[in-house]
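This is what each chain is made of:
4 protein chains.
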Amino acid sequence: MSSSYGENIRLSIFGQSHSPAIGMTLEGIPAGEHIDFQELQRFMERRAPGRKDYSTARKEGDLPEFLSGVRGEFTCGAPLTAIIRNGDTRSKDYAAFSNLPRPGHADYTAQVKYFGYQDYAGGGHFSGRLTAPLCIAGGICLQILKRQGIEVISRIKSIGSVEDKGPLTVSTAARDFPTVDEAAGMAMQEAIREARMARDSLGGAVECAVLGLPAGLGDPIFGGMENRIAAIVFGIPAVKGIEFGAGFQAAKLRGSENNDSFVIEDGQVRTRSNNCGGILGGITDGMPLVFRAAIKPTPSIAMEQDSVDMVKLTEAKLTVGGRHDPCIVPRAVPCMEAAAAIAVYDALLGRRKELR
Amino acid sequence: MSSSYGENIRLSIFGQSHSPAIGMTLEGIPAGEHIDFQELQRFMERRAPGRKDYSTARKEGDLPEFLSGVRGEFTCGAPLTAIIRNGDTRSKDYAAFSNLPRPGHADYTAQVKYFGYQDYAGGGHFSGRLTAPLCIAGGICLQILKRQGIEVISRIKSIGSVEDKGPLTVSTAARDFPTVDEAAGMAMQEAIREARMARDSLGGAVECAVLGLPAGLGDPIFGGMENRIAAIVFGIPAVKGIEFGAGFQAAKLRGSENNDSFVIEDGQVRTRSNNCGGILGGITDGMPLVFRAAIKPTPSIAMEQDSVDMVKLTEAKLTVGGRHDPCIVPRAVPCMEAAAAIAVYDALLGRRKELR
Amino acid sequence: MSSSYGENIRLSIFGQSHSPAIGMTLEGIPAGEHIDFQELQRFMERRAPGRKDYSTARKEGDLPEFLSGVRGEFTCGAPLTAIIRNGDTRSKDYAAFSNLPRPGHADYTAQVKYFGYQDYAGGGHFSGRLTAPLCIAGGICLQILKRQGIEVISRIKSIGSVEDKGPLTVSTAARDFPTVDEAAGMAMQEAIREARMARDSLGGAVECAVLGLPAGLGDPIFGGMENRIAAIVFGIPAVKGIEFGAGFQAAKLRGSENNDSFVIEDGQVRTRSNNCGGILGGITDGMPLVFRAAIKPTPSIAMEQDSVDMVKLTEAKLTVGGRHDPCIVPRAVPCMEAAAAIAVYDALLGRRKELR
Amino acid sequence: MSSSYGENIRLSIFGQSHSPAIGMTLEGIPAGEHIDFQELQRFMERRAPGRKDYSTARKEGDLPEFLSGVRGEFTCGAPLTAIIRNGDTRSKDYAAFSNLPRPGHADYTAQVKYFGYQDYAGGGHFSGRLTAPLCIAGGICLQILKRQGIEVISRIKSIGSVEDKGPLTVSTAARDFPTVDEAAGMAMQEAIREARMARDSLGGAVECAVLGLPAGLGDPIFGGMENRIAAIVFGIPAVKGIEFGAGFQAAKLRGSENNDSFVIEDGQVRTRSNNCGGILGGITDGMPLVFRAAIKPTPSIAMEQDSVDMVKLTEAKLTVGGRHDPCIVPRAVPCMEAAAAIAVYDALLGRRKELR
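Residue numbers (the numbering used here), protein chains in the order written: chain V, 9 to 364; chain U, 9 to 364; chain P, 9 to 364; chain C, 9 to 364.
One should not assume that every hint holds.
Identical chains share a label here; the pair holds if one copy fits it or two copies do between them.
As the list claims (entries may be wrong) - With a cut-off of at most 27 Å between alpha-carbon atoms, the simulated BS3-like pairs for lysine-lysine come out as follows: (1) K361 - K154; (2) K260 - K173; (3) K361 - K173; (4) K260 - K325; (5) K260 - K361; (6) K325 - K154; (7) K173 - K320.
Just so you know, the hints here were simulated from the structure itself, not pulled from any lab data.
Given only the sequences and the hints, what does the whole structure look like? Please build it.
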């Protein structure tokens, strides 16, 4: 299967970029959880396109309609289903290159996998648009976690060669551009503008931290928090890497440098550093859970590219039209929070089974 | 749950470092697959400790006994279960610090998660020893894949600051030290020796490539090959990051640099470069599937460390005795092949359901 | 979880009796399967209420809208989602007894399970109305199976004390009242009319046979065809028992009577009798797969009943108003076919993984 | 897959009748649960063969060896694995008819499913012997449930045409022959002796009740207690039917007869009758959960039977040698308790996720 995630809750995402609607079903949310629909909408807007000049002009709206699972503003225990109608679509933009796969996109692999029956318009089920239902589910989980004292914060860690500065300790959600260091944010936006002018695109990295987590979440071996978070984060298109705590940098350290010494703080076991990213043996240790994801540059670029005709098996030139973000990293930030929230809430519910 | 992996096959790993046995059950392998037990044993030996001066001296033996699932040398369709008896164990080595968690290990998180009921000896279920059953399952999958023209190769990409050179295009399995460049391998071994002399340890990175894969494996969104491989690779202790293709480096490239142009080679669609690591939209594109995993330095080091008494909630000094690898990266190489083989074979069986 | 079924396909049902919509998501259907929407509609109508004087007068319409998963009339490989809007609802009918659980319904158990947050109107997620999305999924599977030479037929086996006569060998789908023996069908309809006049209701049994199945479907132990079919059939409200082949009658036979002798027919292995219902060791043997389900009488009856006030914890009288079938058995017939088709198709896809 | 069960715990059964061992892995049992190994052994002995003249003479012993998951007498949180060595086996008994499938057994379907690679000796993975690991898992769950005030009781409801009398309200576990009415038990034993003298066998029905269950367990639609229990009970070989509460009898009742009126008893909501078997809408209502399973007569009978040569595709006579129970119903009684306990405990853990 494919489009489902979770062990204690179950998220199922459906829809194609140009199908009548996209949406999600979320099973396993206990009855009686409050949903603040306005707060959910504000969260969704952080992902929405068309807000900025570095973002695609397509007006998605993204107003989720809840079909089931709620009574008033509270979950009723039944599966939650919410959909977003696909309104402003231009399928004809895509018809021209249905046989010419766009480099970096799933056009070619979808053609092979689905024998030509795939819905190629706008990338079909592979479209970045499918992160909207992810954000519906994640937005709900974020609200539930918040009531339990757990917060998910994130930022752009880098775009191209520009790095954000300082540690990630506060939410950047309210900022126009989600970096800790404002100057770094300005430089990133400038870099994006330059890439767009060059008919090109940029990638980057997003950093995410989950604060307020109790120790003891997650399971050994394949059920570790790293496994769980990676398994959902790679569901966000364009993610090509993930690391926890010191991550790839840890591979260059000595044990004496990388090990996080245990200390007592306020009568509680803590670690002096957090190279492990809050996870030991797959289980949370009560420190912030920290991870970073690498996001490749938007594959849709305005300049001409080399492709092939999949039917004739000949080489061909391709120019991708339509509207595309020169950099999707800013919009990936709330998606990363959504993914983290879903994985963490799933583990949190699993933890309840062990308590007596 | 925790210790299970897979959708079309189901791997379940059990055992603790010092329980009577460790083992695995593998469900879903079709009947009639041949198992070459000698080849399996040779594969297991690549993971076994005690072969080298950079490895722990514990003699594990690691001769798997098959309890079920085979008739002679062929799978019979029933679940395969194989165990390895835990012989040469020294539980008393661990009793001393059952209240003093070792930094970088799961001792503390296991204590919280299991309320003190965990089997702390040797790390219990969190022990690196549990990669032996992973290698039994992986070794079987590797043999099946090989008969279908699919090969998994890997190498040490780096240890500490020493990098292997050149591309990974051939198997290093037969080499004493699995690098492509022999000089780099010598330098790595020297670095490990130095770390051990300093009572310290080293981490590194492993690179893995799956060759001969058909295009069309994997599923969209959460069922992508990246999700599947990450979900199993993080089950290998000490892995703190994973990246596919250009990975974190892709985040620094422009779209025009990172996109892999399509070309026709021998009448087949191929890509000129392979920055995507053979995966587009989560689906294989027929190019080598390439990933790298970051492995943190062995947390067990001989020098004194800061810890806490988990019961008294006071700070304490800890010196880890016993036998420990100053660097587990060489032994992680076959584990990575095993993990990749299991994930790929699982996806391959899933692919059969779609064909008509 | 709850509202999901399947191993190789995954059906997820959502909605409440009076939520904006009900619907289903079906993952794992291979791309390129044709859907005849008119045939699907005709199948849905066999379940629809309001067609007959023995059925509730609520006009459901039940026109499924496909939100995703199709391109034209073919599946595109992405999850199929279809919804049915809830139009003609009268929530106020239910408000009166939100604290008075209706005997035989899930009102009380839902109150306990969901702490009063359940959507009580019309039975919420427990409503028989949720069999409409089951029939969407089942109707699609029936079409796919038919193209592979597999047919699902069924009939009313009994209503109250009236039994249908003769063996189930032909489809009753086209009949006004789905019995093999027309006289028995007339007597059943008369019994239903009498029950309604008495402000009461009737139960019955449905028999289902899957014809044209290959031998070798299903898995041992918990994956047997009996387990799989029972696990979905009990998802149809009011089902309280299931039996395969001779079923409960087999418990009264001797081994020499119950064993089905093997014979050769047209060069193929067959059994002389079919007491095992086409299943040996959980695996199909190539004979018709036969099962019967017991359906309790509609719990909603017009006469006054004893209930309790769940809040005050006092006893109370209850009269259920609204519109209700005096017998849901006729409408359960297509639901049973749907359930059987889903279970069989799921097993059929699983079988593909074993073939080489 | 096949040999796994459970959502919140995960039971995996492995082994063949004549493989080196049979066993089970049970994941998800919380750490700190006490296991009384002697009580477990006593429970296992109720299933063991060779105790009675109505049972096979094979000495199985059935002493489980725990390989993992425990520290002393307490679960440690890691997966529990226990095995039973296969000692007293006589594979040669079976070699003679490896091409002649025994009527009523899985020999033929296994041959088709596994293309001749199956382990045919003693029925392989389909053997009734595989209920021993089921009883290990069930025995552990029974102990845990008992500490929470939940008890599972059962009895033989019928053998051949002999019915047990009176309601099932007390445990029959300590009795030589598990019926409520002693005279009925004597008549059953006499019927079994007669069947054996006639070189024939008998089937029967087992009734099971779970007492002390809280209301609110189970999930709607496919997650109902009926679905869950049926999905495991059909994993016991020879079960061909299951019914809950009034079951198939409910199909003959009117709604006014079958509906269980709600009453207040000791300040709690109860029902006057229990035709629903303690389950409404799939969810427990706090009354005893009651079900009955139909068990076909032992297919292995001493008289000559009609079979076929699967290779030559010709008809052939078969006489099954070896040692076989003329009636397995008495041994099925503890298996049914085991199955019920596993399903109920799984649901109970799931319930914890919903509580706040």
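Checked hints:
In the homo-oligomer, the alpha carbons of K361 and K154 lie at most 27 Å apart both inside one protomer (21 Å) and across protomers (18 Å), since each shortest distance falls under that limit. Proximity of K260 and K173 under a CA criterion of 27 Å is satisfied in both settings, with 21 Å inside one chain copy and 16 Å between copies. In this assembly of identical chains, the alpha carbons of K361 and K173 never lie at most 27 Å apart, being 40 Å within a copy and 40 Å across copies at closest. In this assembly of identical chains, the alpha carbons of K260 and K325 lie at most 27 Å apart only when taken from different copies (25 Å versus 43 Å within one copy).
For the homomeric pair K260 and K361, neither the shortest alpha-carbon distance inside one copy (38 Å) nor that between copies (41 Å) is at most 27 Å. Neither within a single protomer nor between protomers do K325 and K154 lie at most 27 Å apart by alpha-carbon distance, with minima of 50 Å and 37 Å respectively. Proximity of K173 to K320 under the C-alpha cut-off of 27 Å is found in neither arrangement, the shortest distances being 50 Å within a copy and 39 Å between copies.
Of the numbered hints listed earlier, those contradicted by the structure are 3, 5, 6 and 7.
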